[in-house]
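Q: The residues making up each chain are set out below.
There are 2 protein chains.
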Amino acid sequence: MIREGRLHRPTSGIAPHFVQANLAILPRDVAFEFLLFCQRNPKPCPVIEVIDAGQVEAALTAPGSDIRTDLSLYRVFKNGELADEPDNLEAHWRDDLVSFLLGCSYSFEYALIANGIDLPHYGTDRNVSMFITNIETTPAGPFSGPMVVSHRWIPQDKVVRAVQATSRFPDTHGAPIHIGNPEAIGIADISTPDLGEIWEPASPDDVPVFWACGVTPQTVAMESKPELMITHSPGHMFITDLNDEDLAVL
Amino acid sequence: MIREGRLHRPTSGIAPHFVQANLAILPRDVAFEFLLFCQRNPKPCPVIEVIDAGQVEAALTAPGSDIRTDLSLYRVFKNGELADEPDNLEAHWRDDLVSFLLGCSYSFEYALIANGIDLPHYGTDRNVSMFITNIETTPAGPFSGPMVVSHRWIPQDKVVRAVQATSRFPDTHGAPIHIGNPEAIGIADISTPDLGEIWEPASPDDVPVFWACGVTPQTVAMESKPELMITHSPGHMFITDLNDEDLAVL
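From first to last, the protein sequence lines are chains A and B. First residue of the first sequence: 804, per our numbering; consecutive thereafter. First residue of the second sequence: 804, per our numbering; consecutive thereafter.
There's no promise every hint is true.
Put simply, identical chains are the same to the list, so a pair is met inside one copy or across any two.
Here are the simulated SDA-like pairs of lysine to any residue, each with C-alpha atoms no more than 25 Å apart in a straight line [what the hints assert, rightly or not]:
hint	residue 1	residue 2
1	846	919
2	1028	916
3	1028	882
4	961	1052
5	846	1048
No wet-lab data here; the hints were simulated from the structure.
Full structure from sequences and hints, please.
A: Structure representation (structure tokens):
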């Protein structure tokens, strides 16, 4: 449906329990360093699949797919500046492009919900809060910079369960990065997110919990001002054939 | 001690609970494809650290180390043929070499022992049985071929525990690849291993259990006959500063 232009909207809530992925497309000449950056920073940058230079099919996780047409909205950046926001990549495709599919939070969010933890944004078109932290990623080649985290309010009596439930999914950001004290990771004011939306706690006992965020690799790559970089448009993810449980380690 | 030539022996049983690693060194021009091969085959090829081209220090997992001197025995292959087995790499080092440290079985073997599962070879200089299976790895660039597995006899009433205990360590091969039926993975005769040693079951109730083996990436890389490839000599591993538990996902 996305390929035929019949589904032109964010993918949250679509095809529940199938793994969705962030997209980052870069030229082959920086692909090794970018893959190395992901290997060194697996919590913000879990690699679901890498599509070889010039190939367009995610053969391992979505056979029959075409990365140029199977997302409903893309962003094209040239030298770090947004240059286009097209419905498909026909005008931009080159044979030296390597496509990285990176884990996104939808799988682990479902794990939280399955464990009785309410997430008010889940399945809506609203977004979580995201913050740029003082936690430095481990650099690789031209790629370096601070980790971005997503924030969720978790009821105090569910914090342990939230750690357990998300630890099972290291390929979709895994266990939290931090629990409880935003200032400890460089967040001065929990009510002014750097990205996404503001969320109030549902109860005064709710605890702020932070997970590594898939925005990190995009931010870091963009900082290096690559000649060309293509990503999904926020919320318009690539949908794989994997089930969430396929990614569980235990 | 290894660097000074004062410890010239296999590293099994040395520095217990510190993570040891397989070594594979390849020229930069095949490094992306090799890293991609590891990403696509994480059970046989778990990446602990990648040392950038021309660098010699495992800065993340063993600060102060020198990959050219800190293993006690190396193997140097040229075009897929063993060319040298030196104590250090001074005669072979080049600035375009990328070093891959890959997880080895020692960490998960300790997890088995800690769970009351006896491994008769553990801490001795004897080796497990290894088999070339009919399970194909997922190719990347020039790298492809069958998965090699290691074999251990596990008491029937400990098989579930063995799965649980090793699942915690995906970076040291993780959960078993197969339980119970060697023929199902292309092993015709359990008493004739392709590599390593023959082991008899301690009891007729023992179950054959198979884990993905770190010999796989070496075998696969060698098959592609790279102009230069350097590995550790069997049993002479690289010792990191990580503790086994640092690698546990849960």
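Q: Are the hints correct? Go through all of them and say.
A: Comparing the hints with the structure gives:
1. 846 - 919: Only inside one copy: residue 846 and residue 919 sit 24 Å apart there, 32 Å across copies, limit 25 Å.
2. 1028 - 916: neither (38 Å within a copy, 50 Å between copies)
3. 1028 - 882: within (5 Å within a copy, 38 Å between copies)
4. 961 - 1052: both (21 Å within a copy, 20 Å between copies)
5. 846 - 1048: both (18 Å within a copy, 17 Å between copies)
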